[in-house]
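Student: Take the sequences, apply the hints, and build the full model.
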Amino acid sequence: AQSVTQPDIHITVSEGASLELRCNYSYGATPYLFWYVQSPGQGLQLLLKYFSGDTLVQGIKGFEAEFKRSQSSFNLRKPSVHWSDAAEYFCAVGAQGNTPLVFGKGTRLSVIA
Amino acid sequence: DAGVIQSPRHEVTEMGQEVTLRCKPISGHNSLFWYRQTMMRGLELLIYFNNNVPIDDSGMPEDRFSAKMPNASFSTLKIQPSEPRDSAVYFCASRGAGGHTGELFFGEGSRLTVL
Numbered sequence: 001a002q003s004v005t006q007p008d009i010h011i012t013v014s015e016g017a018s019l020e021l022r023c024n025y026s027y028g029a030t031p032y033l034f035w036y037v038q039s040p041g042q043g044l045q046l047l048l049k050y051f052s053g054d055t056l057v058q059g060i061k062g063f064e065a066e067f068k069r070s071q072s073s074f075n076l077r078k079p080s081v082h083w084s085d086a087a088e089y090f091c092a093v094g095a096q097g098n099t100p101l102v103f104g105k106g107t108r109l110s111v112i113a
Numbered sequence: 001d002a003g004v005i006q007s008p009r010h011e012v013t014e015m016g017q018e019v020t021l022r023c024k025p026i027s028g029h030n031s032l033f034w035y036r037q038t039m040m041r042g043l044e045l046l047i048y049f050n051n052n053v054p055i056d057d058s059g060m061p062e063d064r065f066s067a068k069m070p071n072a073s074f075s076t077l078k079i080q081p082s083e084p085r086d087s088a089v090y091f092c093a094s095r096g097a098g099g100h101t102g103e104l105f106f107g108e109g110s111r112l113t114v115l
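The listed protein sequences derive, respectively, from chains A and B. 64 is the number that our numbering gives to position 64 of the first sequence; each next residue is one higher, with no gaps. 94 is the number that our numbering gives to position 94 of the second sequence; each next residue is one higher, with no gaps.
Hints were generated in silico from the structure; no laboratory data involved. Watch out, some of these pointers could steer you wrong.
Below, in silico cross-link-like pairs of lysine to any residue (SDA-like), each with a Cα-Cα straight-line distance of 20 Å or less [to be verified]:
| no. | chain 1 | residue 1 | chain 2 | residue 2 |
| --- | --- | --- | --- | --- |
| 1 | A | K68 | B | E44 |
| 2 | B | K24 | A | Q42 |
| 3 | A | K105 | B | K24 |
| 4 | A | K61 | A | Q42 |
Selected chain B positions facing chain A (Cβ under 7 Å, derived; list incomplete) [claimed, not checked]:
| no. | residue |
| --- | --- |
| 5 | F33 |
| 6 | L43 |
| 7 | L45 |
| 8 | Y48 |
| 9 | N50 |
| 10 | N52 |
| 11 | P54 |
| 12 | L104 |
| 13 | F106 |
| 14 | E108 |
| 15 | G109 |
C-beta: ideal position from N, C-alpha, C; glycine also.
Tutor: As structure tokens, then:
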């Protein structure tokens, strides 16, 4: 069965500092991997996705993530965080075909001045 | 294009009442998913449909929960009778047909409070 672990429940960073959110997955085959962001009271918005090819993927809002098969990881990064990035971030894994995504518990990001 | 549309956005009801949540997926999408979000358990899959057919409802908590998809543009999630522990945000998501890469498009959610 697929599973996703986001080890950090809450992270606080200063505005302008770099950010890395961790994600580890468990899946037997080549996974589809996703990062979503959720602002308070809103639905989930896709930041980026990986399904094949280049293991470093670029997303919206200046985010990127790197797929490392050997470490079963798909960490999300941003070189310089803005106050508007404060939100909840979810990593998800899926399989090929029309199957559901399995989500991690999320990491809440706070940004301080 | 309109996104996934859910209604109501907020529902407050009393224990024992029937609750119906509605979802309109993105036009042309052929898969629909119902998730529930709570602080304790995060995002849990309740049920999903492919081409209007329920594929996996093993995530539905109890017989009090039921879901239908009578056509490609509408789905409902019903709780009868509702209990305080059903309080959560319920999300509907849809996905397009062949050639896609797995992305789900989410609605803004229905926040349910059962008193």
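Student: Which hints from the list above does the structure break, by number from lowest to highest?
Tutor: Result: hints 1, 3, 10, 11 break, sorted rising.
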